[in-house]
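Asker: Each chain is listed here by its residues.
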Amino acid sequence: DTGVSQNPRHKITKRGQNVTFRCDPISEHNRLYWYRQTLGQGPEFLTYFQNEAQLEKSRLLSDRFSAERPKGSFSTLEIQRTEQGDSAMYLCASGSTDTQYFGPGTRLTVL
Amino acid sequence: EDQVTQSPEALRLQEGESSSLNCSYTVSGLRGLFWYRQDPGKGPEFLFTLYSAGEEKEKERLKATLTKKESFLHITAPKPEDSATYLCAVQDPSGTYKYIFGTGTRLKVLA
Chain A
1 DTGVSQNPRH KITKRGQNVT FRCDPISEHN RLYWYRQTLG QGPEFLTYFQ
51 NEAQLEKSRL LSDRFSAERP KGSFSTLEIQ RTEQGDSAMY LCASGSTDTQ
101 YFGPGTRLTV L
Chain B
1 EDQVTQSPEA LRLQEGESSS LNCSYTVSGL RGLFWYRQDP GKGPEFLFTL
51 YSAGEEKEKE RLKATLTKKE SFLHITAPKP EDSATYLCAV QDPSGTYKYI
101 FGTGTRLKVL A
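From first to last, the protein sequence lines are chains A and B.
Everything in the first sequence is counted per our numbering, starting at 1 for the first residue and increasing by one.
Everything in the second sequence is counted per our numbering, starting at 1 for the first residue and increasing by one.
The set of hints was computed from the structure by calculation and includes no laboratory data.
Note that the structure is predicted; figures quoted are calculated from it, not measured.
Note that the Cβ used here is the ideal one computed from N, Cα and C, for glycine as well.
Every clue listed holds true.
The following label-pair restraints were derived from C-beta to C-beta distances: (1) Lys-108/B x Gln-50/A: 36 to 42 Å; (2) Thr-109/A x Leu-110/B: 27 to 33 Å; (3) Ser-20/B x Leu-39/A: 24 to 30 Å; (4) Lys-14/A x Gly-54/B: 51 to 57 Å; (5) Gln-14/B x Glu-28/A: 40 to 46 Å; (6) Leu-110/B x Gln-50/A: 41 to 47 Å.
Facing chain A, from chain B, some residues (calculated, C-beta under 7 Å): (7) Thr-96; (8) Phe-101; (9) Gly-102; (10) Gly-104.
Kindly produce the complete structure, drawing on both the sequences and the hints.
Answerer: In structure tokens form, the structure reads like this:
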């Protein structure tokens, strides 16, 4: 299966710690997206890459959040000084046309 | 403001009892409407893309239709394995390719 993969699948951390998530998109896709989803809600857009260029960031993405996509391949999302409100499912998606294909997500729990 | 509203929030059906889920949208120029299925703890799974009013797409027991203001996901003779949350999204009309999601419809099909 060559779908979108995300690691880790689950992360438990203490408030104030830094965490980093990785996303490996479908290889031929040049667009990569990060979303955040909380219980009972639909995914909310965080940021978008076209190849290695980060073209848009949501206002949801505070200064504590940073995302990279070196060489236009995999992407990382880092959250510094985590807060309990950061607890959510972090979803990565990729695409080369209008349709986005999602990974399994990383479930973050901040204690 | 661009919005996506899904109804009902939750739906319980008996096996074989057909029904429809609704997704209404307000965007200034639809660039694409997307349906996804999401199982608990997993990422959204792509189902359909619709672009213009009158368009229909089918896959097994599911059929998606589109009008100028809303989309319907028709489920014919559902089975327990169709139980999931169904998410609707529209592509942001500003041209950034990001999605605006609704909050989903939680479907439970009873045997």
